[in-house]
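**Student:** Sequence order for the protein chains is V and E. So for the first sequence, the working numbering puts the first residue at 504; every next one is plus one. So for the second sequence, the working numbering puts the first residue at 14; every next one is plus one.
Honestly, I wouldn't trust all of these hints.
Facing chain E, according to a computed beta carbon distance under 8 Å, are these residues of chain V, among others [stated by the list, open to error]:
#: 1; residue: Val-879
#: 2; residue: Thr-1127
#: 3; residue: Val-1130
#: 4; residue: Val-1216
#: 5; residue: Gly-1228
What the simulated footprint calls covered on chain V by chain E, stretch by stretch (three residues with Cβ under 8 Å from a Cβ of chain E suffice, anywhere in the stretch; the number is not a length) [claimed, not checked]:
#: 6; segment: 1201 to 1213
#: 7; segment: 1217 to 1225
Think of the hints as simulated: they come from the structure by calculation, not from any bench. A virtual CB, placed ideally from N, CA and C, is assigned to each residue, including glycine.
As a plain string of letters, each chain reads:
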Amino acid sequence: MDMNEIREIFFQECEEQLAELETGLLKLNDGDRDPETVNAVFRAVHSIKGGAGAFALDDLVAFAHVFETTLDCVRSGKLEPSQDVLKVMLKSADVLADLTNAARDGGTVDESRSRALVKELEALANGEQPAAHAAPEPVAAKPAVAAAPAPTDSSGFQPIPFSFDDFGGEEEEVLMVAPTYTVTFKPRAELFSKGNEAALLLRDLSRIGEMSIHCHTGDVPTLDRMDPEGSYLSWTISIKTEKGEEGIRSVFEFAEWDCELDIKLAEEAEADDERPMIPVPFDLSLLEDEPAIGDEPHVGMHVEPVVAAAVAAAETATGVMQAAAAASARAEKKEAPAASAAAQANAANAANAAGQTIRVDLDRVDRLINLVGELVINQAMLSQSVIENDNNGTSSINMGLEELQQLTREIQDSVMAIRAQPVKPVFQRMARTVREIADITGKSVRLITEGENTEVDKTVIDKLAEPLTHMIRNAVDHGLEMPEKRIAAGKNPEGTVRLTAKHRSGRIVIELTDDGAGINREKVRQKAIDNDLITADANLSDEEIDNLIFHAGFSTADKVSDLSGRGVGMDVVKRSIQALGGRISIQSKPGQGSTFSMSLPLTLAVLDGMVVTVAGQTLVVPLTAIVETLQPEAAAIHSFGATQRLISIRNSFCPLVDVGRILNFRAQQANPVEGVALLVESEGGGQRALMVDAIQGQRQVVIKSLEANYMHVPGIAAATILGDGRVALILDVDAVVGASRGQSLRQEMSLAS
Amino acid sequence: MSYVVKNLSQGSRELIAFRIGNQEFCVSIMSVREIRGWTPATKMPHSPAYMMGVLNLRGAVLPIVDLAARLGMRPAEPTPRHVIIVAQVGRKIVGLLVDAVSDILTVTDENIQPVPEVSSEIERQFARGILAIDKRMICLVELEGLFPDHESEAA
């Protein structure tokens, strides 16, 4: 594994941590005061900082550190996580995400923004902190920014042999230049199970100042009652350091949750010497489980005689290091041998609890999905040929085939489920969008998300983010009113945007609702007339007016803002949703808000299609495009000009498009009465009646790329393989409709049909 | 891979020879994936005349080219006796419809004669040499010349 791979993993984890961070902050924002939530938030920032330190991403480390310091204040209860505080925190989370992205992909971050936030964070941290830090010089945040993470990062753990021989009893003669702290450190069993080791922590601690250590062995039980993976020792450390409490904490920063740590400024206390323990010279190297250490000079360990059997064993061990048998070594310092075993066991337990996951390359999953697609096709072909060749339908082959069919279907579902991911990450990104736009527009907005765990294919998720962002922007920028207006209308000054996802009949439905003013139909209509989208006397229903906003070049914003109003909004949204095989619709009630609902397929690998025949060829028309099918009657067909023909459907006229002619499958237009018309809705909202010869049926097809071995064919979206093993082409409805009206006709085309 | 290296070091290479009409052609065996019988292909709209359509090759969509038409000869009228040579061209896989596969040849570079000066553009595009074997003339075809990358990626 080279450095790049490790880096990649780090950034993947960062993404997870950032999501965790945001979830936690939002929970806090909703009034959750569970300390575990605060801890989770803290841990997320902390892990990012730790990892970033290892990769020397200084910007990230510096910012994460300040953030962490402030979060620590929240954690310790010094800072009340009020709405205002959380606003800053959420912004900081955004900047942290930006910095992470910048570190991964290069690029720059708006420095002024992060610097301003650093100031705000520091202000928050210091605002309530001075009281706590009165005694030592104010070392709080600033110097620690650079210094704190350094000693704990990966490079810090080189085993340097050292002893505390000198510490005998000479504390008095040292001048008290630096403040002395008394640190009580009592590791819990989890500390060892996570692979931390007390000896290494103490050794690190010794690096930041002169110290003396006292080991409390009073809790060590007798051998027969001892849990080899338990933790029985604790230490009292008296340390002289200029780094302050901050510096000491930073040594324990990766172990803090798994131990009892108490740091006190102890100058006076020490002078009084009221400590119950007598200073004992103590060789830390004994903690090591390596026989080599036995060669080094070490001093004997004096333990209080209260301890019985275990300590006797311990004394033997200290006297003759080489003879330290497994049992006595364990009795003396369980952590070293126990740590590794316990770490494994507990790691496994922890993993079980959290639900095991593995990271798999997407390509591999795709290959599997492809193969299963083949399997399904092959199974269908096999069934078909068995049925054709088998006269008595009760044979055991038929039974077996049925089971095979069920199995393959189950395999297909399971494999598809691998690609399915909850929509949560996208929704979380939207939370950020809402915050940013609310900030810029000066509106107060609350985003409520529902059904974040609804799962959908990863490709759909990836392509969902952009249209959703557009829509959220529109909802906040255009949909919601300014707070004053809302108060005037008798609404809550805080606007609500609701984003929901749910499964409905094999598709995912995503709805975006705002409680704003709704669509101003008069304005939309006027705008459409101004832009020549409709004629001034066109008679449109409310729904048709609402749908005008999906037209290219349409924007009702009076002036172009940073956010929206460039006229690339809803038409782009509609197109990208349609490209995903989805549909979008809008309901709006004046004064009460609008709802956009999108219905998307759960996967892009399969498609619901209508299998049709055109000029002897089998084609598949995506079901999402078809509005209705009908058998044209001769009376409903009207010639229009030299070649055009219109079909009248419930008193509206719709152009007839002969698919076979467009695709050049036949030279002459077919007789519409002999075929079937598929009424389709295409990009731009216009309806067309596509003429095909016959409908074979409806089925789910596996999408195959044509471009892989050939090239893009106009009018054809992709290919698929039918049950008989033949390739069938999937019609690109938009392209066919586009070809039917020609490029020059495009501008004239409007909703007027 | 080692197989290729060995062949190159000996200066010899293997070619698959096939027949279209009364002419013989050959392509490097390394570009041939498999050989299969003709089954009706699905027609493609707006495709060049030599494009016969697409076939299902174990789940992949395989475009079929009528090599006779592509080489400017009379288009083939495929029967079940026709053969499709599945070949790798660049990064893509195409099926070449030919009348029959006739031989596997092992030749060295000395066996390959240069293409004589001919006026036709199309022959110059694909012909990389001529082999004289048993008084037969076999034309060495370079598939990359027939299906240059820019054509397939024109879309």
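**Student:** What hint numbers does the structure not satisfy?
**Tutor:** The structure conflicts with hints 1, 2, 3, although it agrees with all the remaining ones.
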